[in-house]
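S.K.: Residue strings, one per chain:
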Amino acid sequence: MDDWRNGGFGLYVHWPFCQAKCPYCDFNSHVTSKIDQKEWVKAYLSELKRHSELVPNRVLNAIFFGGGTPSLMLPETVAAVIEEARQIWPFANDIEITLEANPGSVEAGRFAGYRDVGVNRISMGIQALNDEDLRRLGRIHTVAEAQAAFDVARNCFDRVSFDLIYARQGQTLADWQDELNRALSMAIDHLSLYQLTIEEGTAFGDRYARGKLRNLPTDDTAADMYQATQDICENHGMPAYEVSNHARIGAESRHNLIYWRYGDYVGIGPGAHGRLSLNGGRFATESIRAPGAWLKAVSKGSGDCVNSRLTAEEFSAEHLMMGMRLVEGIDMARFQQLAGHPLPQDKICDLIQLGMVSRSGSILQATDQGRAVLNAVLRELLAD
Amino acid sequence: MTDLSKIRNFSIVAHIDHGKSTLADRLIQETGTVAGRDMKAQLLDSMDIERERGITIKANTVRIDYKADDGENYVLNLIDTPGHVDFAYEVSRSMRAVEGSLLVVDSSQGVEAQTLANVYHAMEADHEIVPVLNKIDLPASDCDRVAEQIEDVIGIEATGAIQVSAKTGQGIHQTLEAIVNELPAPTGTRDAPLKAMLVDSWYDSYLGVIVLVRIIDGELKKGMRVKFMSNDTLHSVDRIGVFRPEMETIDVLGPGEMGFLTASIKQVRDTRVGDTITNDRNGTETALDGFKPAQPVVFCGLFPVDSAEFEDLRDAIDKLALNDASFTFEMETSAALGFGFRCGFLGLLHLEVVRDRIEREYNIELITTAPSVVYHVFMRDGTMVELHNPADMPDLTHVDHLEEPRIKATILVPDEYLGDVLKLCQDRRGLQEDLTYAGSRAMAVYDLPLNEVVFDFYDRLKSVTKGYASFDYQMTGYREDNLVKMSILVNDEPVDALSMMVHRDRADARGRAMVEKLKDLIPRHMFKIPIQAAIGGKVIARETLSALRKDVTAKCYGGDASRKRKLLDKQKKGKKKMRQFGKVDIPQEAFISALKMDS
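Those protein sequences? They're chains A and B, same order as listed. Position one of the first sequence corresponds to residue 1 (the UniProt record's numbering), numbered consecutively onward. Position one of the second sequence corresponds to residue 1 (the UniProt record's numbering), numbered consecutively onward.
Please keep in mind that the hints were generated in silico from the structure rather than gathered at the bench. Here the structure is a predicted model, which is why all the values come from computation and not from measurement. Ideal Cβ placement from N, Cα and C applies to all residues, glycine included. Some clues are possibly wrong.
To be verified - Under the rule of at most 30 Å between Cα atoms (straight-line distance), these lysine-lysine pairs were calculated in the DSSO-like manner:
1) B:Lys466 / B:Lys408
2) A:Lys212 / B:Lys221
3) B:Lys555 / A:Lys21
4) B:Lys466 / A:Lys347
Claimed, not checked - If the Cβ cut is set under 7 Å, some of the chain B residues that face chain A in the computed set are:
5) Gly71
6) Arg360
7) Leu548
8) Val552
9) Ser562
10) Lys575
What the hints assert, rightly or not - Quick list of simulated restraints, FRET-style, between CB atoms:
11) B:Glu493 / A:Ala203: 42 to 52 Å
12) A:Arg136 / B:Asp569: 27 to 37 Å
13) A:Glu328 / B:Glu493: 30 to 40 Å
14) A:Ser299 / B:Arg563: 53 to 63 Å
15) A:Glu132 / B:Ser440: 52 to 62 Å
16) B:Arg563 / A:Ala203: 18 to 28 Å
17) A:Asn215 / B:Phe378: 51 to 61 Å
18) A:Asp220 / B:Asp569: 21 to 31 Å
19) B:Arg563 / A:Arg136: 44 to 54 Å
20) B:Arg563 / A:Asn279: 24 to 34 Å
21) B:Leu431 / A:Asp220: 42 to 52 Å
22) A:Ala203 / B:Arg542: 24 to 34 Å
23) B:Lys528 / A:Asp151: 44 to 54 Å
Bound conformation, chain B alone (with noise of 0.2 Å):
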């Protein structure tokens, strides 16, 4: 048990790629915590998907021995936390878990939307920032500029920042003093019972499920019975212990420590965040405030290529569920894909993640399905359904109005691709709230329809801004406006993994661009095929793929049938891939590139 004034929890707020991990590495490495034979970059980012892409998805902590310059021994709990704007909730409830927060800022950039975002929760949770210039190495770093702009935008005080750079280890001595002596230590009750707060869980099939916990006050022993105050259900503590990163068991956790507890808890869904642990006997009488559970704000469906792979992938969704409690899922069948699942994500990062987790890990081909986001749709009776999927639309004549969720969106972009992000966000329905300098980088903050970002909004402004735009968002709520469901017609077959919700003046021009799309997705046929939008039965756009006319090997004499024969023999695997409506095989990268806008 350390000594609260000897313990420092900090977490590290960065905009993506600007070295949060690469300075978690360093700081790691300097005190010693891993031997340099164990040192592997990303050390905290266990996943694959997270060390390849460079992101982090869950809470990771560790524990820090640390010498500090006035002889002293301090214990520093890191939690990192997932930058990205899908998991914005997790930061900001790993945000309370702690008392500081490292501002990492890239000085050859500088502030970009997603710090802006993660340094409101950390400003939200009361946190002591002490902000680090990092990158000081490039050529193009500027510490002088991008100190003044922390100033600025953010006002916090920067004129002292610590000038880093991760990659060489200038700074990182620093950076371990300013933790010790700027972070405030945390403060709790030691003789008090037990108040511990529930950060994250996640299964491991060795240990079940493995909490992340922070106390408050009292102490955690192994052998505890311990009660999780939200659904009072008990549990006997088997272990408890630290990440070092590795998992290292201790025998107890005092006020102020960060570690880790398991208690033979078979599923992620019985550990709710944000509850409070305490005794089962004479606990605390007040429980934290706790959180409430993230919502799935983007849905799509995730049909398996091979329609005989279903129950394959429905063992793969049941398995990433019991980790993954803000993701969810029901049984789905489409007229055109088969059975599969309707699931729920926390935004498209999230469901890319899923969806190559299930895809790499559980070797099974999929189709997604276009993503929609969760529509109010209002009943005649005065009653609301939620429609999370298109092909859901109750009957137009039963419906009185439709809502849709909004989105704040903050994107910091330089001067020059101003008017082309000015333009996206027009284009995509959006009600500009405010355009700001902060030097020579334009903040424009957009009231825009989630669902006009789902897709491809993102890629869009990376495109047209050659990628120096960032773009954070958070939901503001819902709002009526003229929503029309548009179906897709192949070869006079409505095809209902192809519609979507559209606004009424914008359902034209998508049509159109839709089906001159599928025309070229769309392989020819040995007939022609026309391809329509509609909304309800009224057409609104129409093309015509003619028939196929020549397809034939030239030569083809004794020496060519091995060959022929196995070109036949993959092409009508190929064709097997693709998905039958009517007699029209369509190509499961339609079902996606379809929705691809390109203006």
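In isolation and in its complexed conformation, chain A is listed as follows (with noise of 0.2 Å):
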């Protein structure tokens, strides 16, 4: 069996474009008032073209449209893109197709219309339930607005997700169980709670850096918070099947899973990554980041900057760090088949005896504890 099957076959639209870049968001986004939709759905198709050729033959898992903010996308565009797709890929019957909406009373007037050409599950950024931290993170909507908008979804749509951001400016252990709790009672199936991170190259990044962010909890009073997160949500049915996604049985998100269980993926539109099973090896493909550069290159034939064979240690290294962050854990026997090595039995006892990891035949899972300071977990697990 090909190994990607392992994980499955996802496609990822990148749609680069938002209304204002919000100051801790470190994706491939950008501000502009004209956009000619007409010409980047002929940009998407032939990239969608372009990779029929390469991974031909496959069934389709899962669309998920990212940005940037996609529900600035016209519905016809987005049906262009799916119904592309759908030429080139047979689609999996129970194939999802997720787009992320700005919860504001713009794009929820379009929900019905990316219902129609196919979309079947929302995922919503509405990152705080109250206002002041929402001025705070630079979002243009309303918690009010928000809840709406989060309405109109529900309506129209049997799964809807949404973002929350904790370990906010000035925010307390209580004030996030509160809100979380309230974030609960409006939950459908899934949720995804971020950790505040400060990335470096964001507006957040450059206060932080000249000591201007101030109030961030410790990371003492982060840990509690996300152990309450898991503790909270584990009771109320939602419990976490990645780190910082929770779901009810069964509405895990299936496009996030081809990438946590390390599956094939395309990727097309800027900035957009893809990973790819050809000619017995595994590659690495990146587009181009800047929107008009890319309109360019695609119209010269690809809007690839980056395509790379990845060495046994690179992609055995991604599969173990991406798996790692799945509740299921990863399958030992799989890491040994793509790394041509066991991972370090040694270091898997260290693990287990400190409680960070668990193993069961061969499957490995890190525990509540262990995925808290995964990154520690995994540098012990791949070092040398």
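Hey, can you piece these two chains together into the complex? The hints should help.
M.R.: This is the structure we're talking about:
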């Protein structure tokens, strides 16, 4: 069996535009007023065709429209991409088609349109249930607007997820517990709960470097918040299935599982990454980040700026790094198959003793405690 | 060969940064010894590190031809000596090779500790001393005040001191005239057997060992067979010459002259500085007094960061030792750091220079352990053991008492910082011997234990005085004190590279400071780590580094895989650079940082 089948096959489409740039976000997003969506459709279709020759005859498990703010796409644009993909790759019966949406009133007006062209899941970036914090996070919506948009979404879609960011400036553990309980009372089947991460090259990153980002919770408080998140969600029937993702059983994001289970994915659009199993090897692809340059490159044949064959060490490390994020863990036999050597047993024994991982047959899982310090766990497992 | 009356041999005495090298450059330039286009700053400092730090490590000479105002042609031999306290010994021996000195003082700064130390060496060598006030172009220059200070503090006549700006060239001509008119010509007998002083030597990869000589009597010629009197070895002289400052071969060196010889000598160790060189047959009967070899006073361990580079480090150390007889080394094994070398140095600067050269010229990253002095451990059976490494401290039941080396430290400092300096000296177990004033500057003389000074005393002194203090010292001998070995345990395992000798009265405070510091230096692990300081079996300080609780990437999707993998790879490499103690990774900088005392 081809290794990628352990994770499945997905398509990621990147829409690189936003109405405003959030100060914590390091994703490839740009603010511009004039976008010719027809030109973008043409480019996306061209990239899909190029990939159809690389990886033909596969069943597509999921499509994900990410960004940027994909809810700025016209339903016709989304429709054209979905239709072209369907022509190239037969859809799985249960294909999941997710679109990330900003929880504003304008976007909510397009939800029915997205549903009509095949989108069956919405992921909303609500981020906080507190207007003051939303403003600080640079979000352009209010809590009331977000709730209204969320109500529209739940009327249009069976599956709706939303994101919250915690460990925000000035936030206490009690604040977060309260907010999380309110979120769970709204939640349908899926929640993404991220600890605020200060990334270099963002407005927050600059502020942080200048010592201007005050009152961030300490590491210990953040750890307490993380643990509380695990417990509260579990009690509400939305256990963690990944470091930052919680779902009712069976409602996990199928597209994101492809990444974590290290399947294959086609990535199109500016800055999109892909992983493709070709000619007996695993290839990493990456598209040009700047939207204008990407359009131009696509018109000349390909939007890729990277297309490199990963070494066994690289793809086995990626498999481990992604897979250990999942509560279900990884199959050590699969790691050995990919890497050509087993995981270090002595390190695993140490980690078991410390309560960081557990082992059952050839399955290795991080514990709650281990997932909270996963980088340290991975450094041990990957050392030498 | 030059007539004795037309030779002047001299050195330049100065505190660091008072412009010694710049003045030397100007003298060379003014006399046309080096063509303008070949002129580069600090011509005599040949090593990168010397040039970069503005310090001189090895003695250098340059021969300058000068047509004086009296119409006669003179040969001026300048010997450029190291200025730093670590190399005090080299200074004193270089001084013995010449008859006079220029005393250079920065006219905007005044006399400093190093000025004093070096001028005393010159006086001991019976030099005629010509004071030169440098940097008169600076707005803060105050020649009258500084001349007065020279008279007060050093006790030499300075009213007629030459006023110079080595930067603009002002006063250079007068300096040259003063060298000719005020410094004595050397004495010597041409018809006597050869008697030459071996002043210094260094290794050149093309020519072998180059020996710097000063001819006292007789003549040195190419092709001669000569005898090194200290070890009775014979050598055939391949080549003789002078420095201008590039090497220039000549046929003969006569009395009073300075130059070099090569004789296919392989190792610097075969040439003893201060030795007397004479003819192999019918040589001189009486050797020069000679010098005792310099003894290393500061020891530390040098270990490669990457243990695979141990053999490279051995090569590097062997090569450096070829050229530096004062640097000693022996192999050392540390439980913490693996294989390395215990090395002895003349002082901290010497240590830093050697370490920098290994890292830079041989491209080996090093872990340097805490510098330690040489303790004398007196055993109950009456024997004495020299202790170079605290890790080797004998079992206490066999030890009667310990003695540690003491120094006499001279510190010059502007009045307003005196309080801080006195406190610093007291904190370091210093005993005040003298406190006097020279103008608005105080001169404090302290008897201090060397081990309180070797690590960061000079850094602390600079920081509490905002850089205005100057410092010099000399070793005075050994004295008994209540010294103990303090061990550091991380996660209950002793870390040998962090053990140190301390005074018992200071041990508790030192131990507390160490464990607190280590708590900040060691990254959190997945488990909690006790960090303890102990004397024998008794714990005197303890901290607990709590366990790591959060270290995970919040978002990691398809687009993040490459970047996060690379990040993890980088962290993994960082982890490899740390040293493993049991299950604890200790970053290499912790070994040095932990020992720095903040107060």
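S.K.: Out of the numbered hints, which ones does the structure contradict?
M.R.: 2, 4, 5, 6, 14, 19, 22
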